[in-house]
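J.: Sequence:
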Amino acid sequence: MKKLFNIYISILVSFMVVSNIAAQDKWYYYTSFQMQINDQQNDYLLYNGIRFQTQDLYLSLSIPLIFNHDNTANSNTGNTSNEMMGSNGMSAFNNIDFGDIYINGSYKLIQESGSFPSFSLEGYVKLPTAPADYYFGSGSADFQTAVGIRKIIGSFFLYGQVGYLFLGTQDENVLNPLTISSGIGYAFMNGEHSIILGYDSYSTVVRGSESPEQIAVGYNYMIKRGLFLNFITSKGLNNSTSDYSFSGGINLEL
33 MKKLFNIYIS
43 ILVSFMVVSN
53 IAAQDKWYYY
63 TSFQMQINDQ
73 QNDYLLYNGI
83 RFQTQDLYLS
93 LSIPLIFNHD
103 NTANSNTGNT
113 SNEMMGSNGM
123 SAFNNIDFGD
133 IYINGSYKLI
143 QESGSFPSFS
153 LEGYVKLPTA
163 PADYYFGSGS
173 ADFQTAVGIR
183 KIIGSFFLYG
193 QVGYLFLGTQ
203 DENVLNPLTI
213 SSGIGYAFMN
223 GEHSIILGYD
233 SYSTVVRGSE
243 SPEQIAVGYN
253 YMIKRGLFLN
263 FITSKGLNNS
273 TSDYSFSGGI
283 NLEL
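Residues 33 to 286, numbered by our numbering, are exactly what the sequence shown covers, in order.
To be clear, the hints were calculated from the coordinates, so they are not data collected in a lab. Keep in mind that the hints are not guaranteed to be accurate.
For lysine to aspartate or glutamate, the following EDC-like pairs were computed, each having C-alpha atoms within a straight-line distance of at most 20 Å [as the list claims (entries may be wrong)]:
no. : residue 1 : residue 2
1   : 267       : 285
2   : 140       : 245
3   : 256       : 285
4   : 267       : 71
5   : 183       : 88
6   : 256       : 129
7   : 256       : 204
8   : 58        : 242
9   : 267       : 224
10  : 140       : 224
11  : 58        : 245
12  : 267       : 242
13  : 183       : 144
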């Protein structure tokens with residue numbers, strides 16, 4: 033569950049940062065590199081995806097290439113050297129493969145008007161394209177349905193989402209969780225820069241384990257019209273999420 037939770041949070045926060053200043057009725061290509069750091073293993077994810085966005089609708093598809101390094105290998109063998117470096121100076125990884133495909137979507141049901149916020153029907157589908165052997169994926173198809181609320185107040189933008197995640201696994205110890213997300217952002221210098229603070233949590237996913245929680249901070253820079261650069265860092269609040277995550281990427285209008 034750790035991989036599924038952290039990957040989706042990063043996609044969500046990235047969308048929150050970009051969508052508030054992106055042009056409408058456009059196709060976008062986006063790519064990003066993410067590091068997820070844990071005591072047991074580190075994961076490095078190279079995302080590639082496309083997104084279509086209008087005033088009321090957005091759809092996106094993304095798939096990561098995952099590089100995995102087992103941090104316990106050195107301690108188990110007594111080898112204190114850095115196994116990430118090969119004899120040719122290039123980084124070596126225990127496992128490399130594609131992750132799960134994510135299809136995200138949102139449709140605005142009620143427009144923002146005056147002091148009234150907008151409401152959207154949101155969600156995503158996860159296709160089990162990743163091998164489950166190395167914890168790259170759960171090996172099952174999952175989907176989430178949610179209601180999102182947004183409000184722009186001057187240069188500030190607020191976001192909230194409540195949803196339910198249906199997990200396809202047959203494991204009796206795995207529960208379908210309630211999902212909660214919230215965020216506040218601020219745009220400045222005519223919208224060229226924006227920062228955001230986000231919080232995401234699930235109810236209990238695995239019996240006997242803590243409910244996953246994570247906070248994230250994002251920064252977005254509009255290099256020019258249709259070209260965006262963003263950085264995101266996140267911190268897991270318990271053992272059910274990665275200790276830390278760092279990512280940076282580019283969104284390009286097609």
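J.: For each hint, tell me whether it holds in the structure or not.
T.: Each hint, compared with the structure:
1. 267 - 285: violated (30 Å)
2. 140 - 245: Violated. Residue 140 to residue 245 sits at ~27 Å, over the 20 Å cutoff.
3. 256 - 285: holds (10 Å)
4. 267 - 71: With Cα atoms ~14 Å apart, residue 267 and residue 71 stay inside 20 Å; holds.
5. 183 - 88: holds (14 Å)
6. 256 - 129: violated (34 Å)
7. 256 - 204: violated (50 Å)
8. 58 - 242: violated (40 Å)
9. 267 - 224: This hinted pair is violated, its Cα atoms lying about 26 Å apart.
10. 140 - 224: Judged against 20 Å, a Cα distance of about 25 Å means the pair is violated.
11. 58 - 245: violated (33 Å)
12. 267 - 242: It holds: about 15 Å lies between the C-alpha atoms, which stays within 20 Å.
13. 183 - 144: holds (7 Å)
In summary, the structure is inconsistent with hints 1, 2, 6, 7, 8, 9, 10, 11 from the numbered list given earlier, while agreeing with the others.
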